[in-house]
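Novice: Okay, so the sequence shown: first residue is 84 according to this note's numbering, each after it adds one.
Hints were generated in silico from the structure; no laboratory data involved.
Since the structure is predicted, the reported quantities are computational estimates derived from the model, not experimental observations.
Take these hints with a grain of salt, some might be off.
Simulated DEER-style distance windows between Cβ atoms [what the hints assert, rightly or not]:
1) Tyr141 x Ala180: 29 to 39 Å
2) Ile234 x Phe150: 11 to 21 Å
3) Ala263 x Val237: 15 to 25 Å
4) Cys189 x Pro266: 45 to 55 Å
5) Ala263 x Trp191: 45 to 55 Å
6) Cys189 x Leu272: 40 to 50 Å
7) His248 x Trp87: 34 to 44 Å
8) Glu132 x Ala95: 23 to 33 Å
9) Met300 x Tyr187: 33 to 43 Å
Taking lysine to aspartate or glutamate and the DMTMM-like style, the derived pairs with C-alpha atoms no more than 20 Å apart in a straight line are [as the list claims (entries may be wrong)]:
10) Lys162 x Glu132
11) Lys162 x Asp120
12) Lys89 x Asp168
For glycine and all other residues, C-beta sits at the position ideal for the given N, C-alpha and C.
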Amino acid sequence: SPSWNKMVAIIADLPNLAPGAMGFRFFHLKHHSHQGDYDWDADLANHWEARLVGNSWYRKAIWLMLFPFFQVTRPPRLKAIKMWDRWFSINLACAIAYDVAIVYFCGWAGFLYLVFAFLFSIGLHPVGARWIQEHYTYDFDQETFSYYGPINWVALNMGYHNEHHDLPSIPWNNLPKLRAMAPEFYENLKYHSSWSRLLFQFIFDKRYSLYSRVERMKQKDGSNAGSQMMGSDAGNLDLSARPISL
């Protein structure tokens with residue numbers, strides 16, 4: 084049931100220490116329905132965030148390491164999304180109770196262990212490259228990419244992102260079956276085969292920045308005016324071959 088799904092998400096979220104499960108649910112649903120819309124999609128970096136990081140390798144590395152903190156700064160710009168409800172309050176209460184319990188039973192050392200584990204696993208880590216893999220691109224014709232490398236075995240097929248966007252309700256363990264059932268829709272798409280390689284490419288290739296995203300612009304009347312690359316520099320990163328390589 085939807086209620087049990089939310090409870091399982093809250094429980095699974097507890098080791099992260101912050102109440103992210105219900106917030107992620109709110110903003111992830113809007114990301115799917117309004118992908119690339121700056122006013123609705125929290126997956127797009129803030130404009131000030133992109134200007135601050137630029138294409139400097141060390142700033143991109145710091146941005147990845149502090150990725151959860153930058154994500155927290157994005158919801159305030161999404162004026163149309165209201166996430167405070169009963170389930171968010173439950174998520175917050177459970178997170179606070181869990182944090183207090185960790186400090187009480189394991190001490191501050193146990194708490195800090197979880198803090199650093201969270202930081203190193205989310206951003207500056209090979210699996211953290213999935214944040215780049217999913218939608219960072221210089222290819223105007225393709226804005227979503229999948230990863231088909233071996234880490235999918237331990238990452239619960241998290242790399243199958245095109246498939247996930249096409250049919251979000253399909254469980255992640257069945258996404259490879261979806262790709263096998265409809266090869267005509269996926270075999271012609273570009274994809275990544277190494278998160279580690281992509282991580283180094285994003286950090287050290289100056290053509291990559293937080294502007295390397297497709298943003299849907301709006302006309303003055305509020306209607307969609309089409310898609311364009313964020314910022315003024317579209318770059319010429321070669322995505323013509325599969326898999327993408329340095």
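Novice: Each hint needs a verdict: does it hold in this structure or not?
Specialist: Evaluation of the provided hints:
1. Tyr141 x Ala180: 29 to 39 Å: 38 Å, holds
2. Ile234 x Phe150: 11 to 21 Å: For Phe150 against Ile234, whose Cβ atoms are near 18 Å apart, the range 11 to 21 Å holds.
3. Ala263 x Val237: 15 to 25 Å: The hint (15 to 25 Å, Cβ to Cβ) holds, given that Ala263 and Val237 are roughly 20 Å apart.
4. Cys189 x Pro266: 45 to 55 Å: 49 Å, holds
5. Ala263 x Trp191: 45 to 55 Å: 49 Å, holds
6. Cys189 x Leu272: 40 to 50 Å: 45 Å, holds
7. His248 x Trp87: 34 to 44 Å: This hint is violated: roughly 25 Å between Cβ atoms.
8. Glu132 x Ala95: 23 to 33 Å: Since Glu132 and Ala95 have Cβ atoms about 28 Å apart, the given range 23 to 33 Å holds.
9. Met300 x Tyr187: 33 to 43 Å: 51 Å, violated
10. Lys162 x Glu132: Roughly 18 Å between the alpha carbons, so the hint for Lys162 and Glu132 holds.
11. Lys162 x Asp120: Judged against 20 Å, a Cα distance of about 13 Å means the pair holds.
12. Lys89 x Asp168: Cα-Cα ~13 Å, so holds.
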